[in-house]
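Student: Protein sequence lines, in the order shown, are assigned to chains A and B. Sequential numbering from 1 applies to the first sequence in this note's numbering. Sequential numbering from 1 applies to the second sequence in this note's numbering.
Simulated from the structure, these hints should not be mistaken for laboratory data. No experiment lies behind these values; they were computed from the predicted model shown. Do not take every clue at face value.
Simulated DEER-style distance windows between Cβ atoms [to be verified]:
| no. | chain 1 | residue 1 | chain 2 | residue 2 | range |
| --- | --- | --- | --- | --- | --- |
| 1 | B | Ala71 | A | Met153 | 49 to 55 Å |
| 2 | A | Arg250 | B | Pro199 | 28 to 34 Å |
| 3 | A | Ala22 | B | Gly47 | 23 to 29 Å |
| 4 | B | Gly47 | A | Gln226 | 25 to 31 Å |
| 5 | A | Arg132 | B | Gln2 | 30 to 36 Å |
| 6 | A | Pro110 | B | Gln109 | 51 to 57 Å |
| 7 | B | Gln2 | A | Arg83 | 33 to 39 Å |
| 8 | A | Ser142 | B | Ser293 | 46 to 52 Å |
| 9 | B | Gln109 | A | Thr37 | 31 to 37 Å |
| 10 | A | Arg83 | B | Leu157 | 16 to 22 Å |
| 11 | A | Pro180 | B | Leu157 | 55 to 61 Å |
| 12 | B | Leu120 | A | Leu151 | 26 to 32 Å |
Don't be surprised by glycine CBs; every beta carbon is placed ideally from N, CA and C.
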Amino acid sequence: MRNLIALLIFVCAALPALSTRAEQVVAGFSHDTISITTNFSGSEILIYGAVRREAPIAQDNPLAVVVTVAGPSRPVTMRRKERVAGIWINRAAAQIDAAPTFYAVATSAPYREAVSGVSDALYSISLPRAFRNVQGDAEHASSFLEALRRLRMDDGLYQIKENTVDLREDTLFSTAIALPANLIEGDYKVRIFLTRAGRVINVHESTIAVRKVGIERAAFRLAHEQPLLYGLLALIVAISVGWLVSALFRMIRA
Amino acid sequence: MQIYLPIAEVSVDAFAIFGIGGLVGILSGMFGVGGGFLITPLLFFIGIPPAVAVATSASQVVASSVSGVMAHLKRRTVDLRMGVVLLIGGLIGAGAGVQIFATLRAMGQVDLVVQLAYVLFLGIIGSIMFVESLRALRKTNRGAPPARRRHNWVHALPFKMKFRVSGLYISVIPPLLAGVLVGLLAAIMGVGGGFIMVPVMIYLLGMPTKVVVGTSLFQIIFVTGFATVMHAVTNQTVDIILAIVLLVGGAIGAQIGTQIGTKLRAEQLRILLASLVLAVCLKLAFDLLVEPSELYSISYHAGRAGQ
Chain A
1 MRNLIALLIF VCAALPALST RAEQVVAGFS HDTISITTNF SGSEILIYGA VRREAPIAQD
61 NPLAVVVTVA GPSRPVTMRR KERVAGIWIN RAAAQIDAAP TFYAVATSAP YREAVSGVSD
121 ALYSISLPRA FRNVQGDAEH ASSFLEALRR LRMDDGLYQI KENTVDLRED TLFSTAIALP
181 ANLIEGDYKV RIFLTRAGRV INVHESTIAV RKVGIERAAF RLAHEQPLLY GLLALIVAIS
241 VGWLVSALFR MIRA
Chain B
1 MQIYLPIAEV SVDAFAIFGI GGLVGILSGM FGVGGGFLIT PLLFFIGIPP AVAVATSASQ
61 VVASSVSGVM AHLKRRTVDL RMGVVLLIGG LIGAGAGVQI FATLRAMGQV DLVVQLAYVL
121 FLGIIGSIMF VESLRALRKT NRGAPPARRR HNWVHALPFK MKFRVSGLYI SVIPPLLAGV
181 LVGLLAAIMG VGGGFIMVPV MIYLLGMPTK VVVGTSLFQI IFVTGFATVM HAVTNQTVDI
241 ILAIVLLVGG AIGAQIGTQI GTKLRAEQLR ILLASLVLAV CLKLAFDLLV EPSELYSISY
301 HAGRAGQ
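With the rest of the complex left out, here is chain A (with noise of 0.2 Å):
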């Protein structure tokens, strides 16, 4: 941790003054790629950084920094059961758009003080606003995202971290994201917001790619752009995988 930060200092001090602007982020994270391999059991990515500025800390205004990491969003549809001659079964559906299949945020501060209404709805960065779009029964549209927090955050799939990043002399910060297993391939985004008071005054975009590789790759890969081929090769797999197990166990007992 002692090497980050002074690997930090060093390369807040070579960058040279890109902008006018007071203060700026500049960030790392820990991995560029996340490698979703056959043994894959969750992740996690540090994300540190700094922030830049010429003139001396100002003092007036309460400095945070909230970190935002979002997955691809896909339409979801939610149900819910109901009993219906005693059995417990799907009966309303709502279509939520696009929806994030991963969303944490993470703050320097209470979320409140960290960022505002407005700079909320400016630059969505609070999880309702990362949603597009319900359709279905209005009336419940509500409850239906609620659920779908709910069951996202149980998963580890929505995060909602107040406090959890940790902002030295209002200069160096640094948090931990936990990516959980069960992870869609995709571009992450993570945004890197500086507010003062609430307000956004400096915003860090990049992404980390969540890829899969090798076999899980391959199958995924054959299984949806070659699905005849992958359900013959899976056939020919299987038989081989049994016929050559017991072939073996035959050699064993001969």
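Once you have looked at the hints, place chain B on chain A.
Tutor: Just chain B now, with coordinates in the frame of chain A:
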């Protein structure tokens, strides 16, 4: 050890999958059943999406039946002609079943229908087996095996055909219909359907017992194989990694099961299997009847969900 399944897009414990494969393998070795009807519900229990569980278990059934058919073909205990008639029905049924499956999936009702189908079939089969084996246990070594009924309504139907290996001259309608039913079950439940096919062949069609198992396995391979490919094409739900882990566990389990099977009495075996089938049935029924702790569920769009 966690393992990431590329098609199901979930991370599961590899040993749990391996264990399910092994357990079902042991059972299939002990009882000579395919085990598809146990794999699918057990996969539900550990959190594999039902769509993936059904499609993948169909591929597992193919693999575990191949060596059996080879042995029967060698012994000439397969009525190929009957097999082909059953197969034609089976392909029609499986084709329709996969389409029904895709429609149900779009409606969000596939889990319900699959579970209901399991409760129904496991309940019926389990009860019959339980009663039968209890009766058998009570009067072991007494009474003759059930007589084959040579003439029933099946013989009054048109489109008769000669099945030399079985020594039958019957209408093709009943075997075709039986094939369709089993094909539907293969596609919707991911089972081979031997548990339906064998009684139909013996009691309804009047086929000699020695060709029943071989012929049923022969048609099961092609029907479940076809169902697997159709699921891969229509629903993209066949998970090859899941299938491999299940298979390795299953093949090892089958070897152990065969050893155990030779040491236990047939009636005891059947009672064990019947209890197991009933237990799985009750667990599934319980899940449907008791208010779930979570009423909401997320479903992704069928088809290209992963892109």
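Student: Take a look at whether the Cβ-Cβ distance between alanine 71 (chain B) and methionine 153 (chain A) falls inside 49 to 55 Å.
Tutor: Roughly 53 Å apart at Cβ, these two residues keep to the hinted range, so it holds.
Student: Measuring from beta carbon to beta carbon, are proline 180 (chain A) and leucine 157 (chain B) in 55 to 61 Å?
Tutor: Cβ of proline 180 (chain A) to Cβ of leucine 157 (chain B): about 58 Å, so the range 55 to 61 Å holds.
Student: Can the suggested window of 23 to 29 Å be confirmed for the beta-carbon pair alanine 22 (chain A) and glycine 47 (chain B)?
Tutor: For glycine 47 (chain B) against alanine 22 (chain A), whose Cβ atoms are near 51 Å apart, the range 23 to 29 Å is violated.
Student: Is it true that the C-beta distance of glutamine 2 (chain B) to arginine 83 (chain A) lies inside 33 to 39 Å, as the hint says?
Tutor: Given about 36 Å between the Cβ atoms, the range holds.
Student: Is it true that the C-beta distance of glycine 47 (chain B) to glutamine 226 (chain A) lies inside 25 to 31 Å, as the hint says?
Tutor: holds (28 Å)
Student: Between the beta carbons of leucine 120 (chain B) and leucine 151 (chain A), is the distance compatible with 26 to 32 Å?
Tutor: About 29 Å separates the Cβ atoms of leucine 120 (chain B) and leucine 151 (chain A), which means 26 to 32 Å holds.
Student: Glutamine 109 (chain B) and threonine 37 (chain A), beta-carbon distance inside 31 to 37 Å?
Tutor: holds (35 Å)
Student: Is the distance from the Cβ of arginine 132 (chain A) to the Cβ of glutamine 2 (chain B) consistent with 30 to 36 Å?
Tutor: With a Cβ separation near 33 Å, arginine 132 (chain A) and glutamine 2 (chain B) satisfy 30 to 36 Å, so the hint holds.
Student: Measuring from beta carbon to beta carbon, are serine 142 (chain A) and serine 293 (chain B) in 46 to 52 Å?
Tutor: 21 Å Cβ-Cβ, so the 46 to 52 Å window is violated.
Student: Could you say whether the range 16 to 22 Å given as a hint is met by the Cβ separation of arginine 83 (chain A) and leucine 157 (chain B)?
Tutor: violated (44 Å)
Student: Taking the beta carbons of arginine 250 (chain A) and proline 199 (chain B), is their distance inside 28 to 34 Å?
Tutor: holds (32 Å)
Student: I want to verify a distance hint. Is the separation of the beta carbons of proline 110 (chain A) and glutamine 109 (chain B) within 51 to 57 Å?
Tutor: Check failed, 44 Å falls outside 51 to 57 Å.
Against the hints set out earlier in the document, violations occur for numbers 3, 6, 8, 10.
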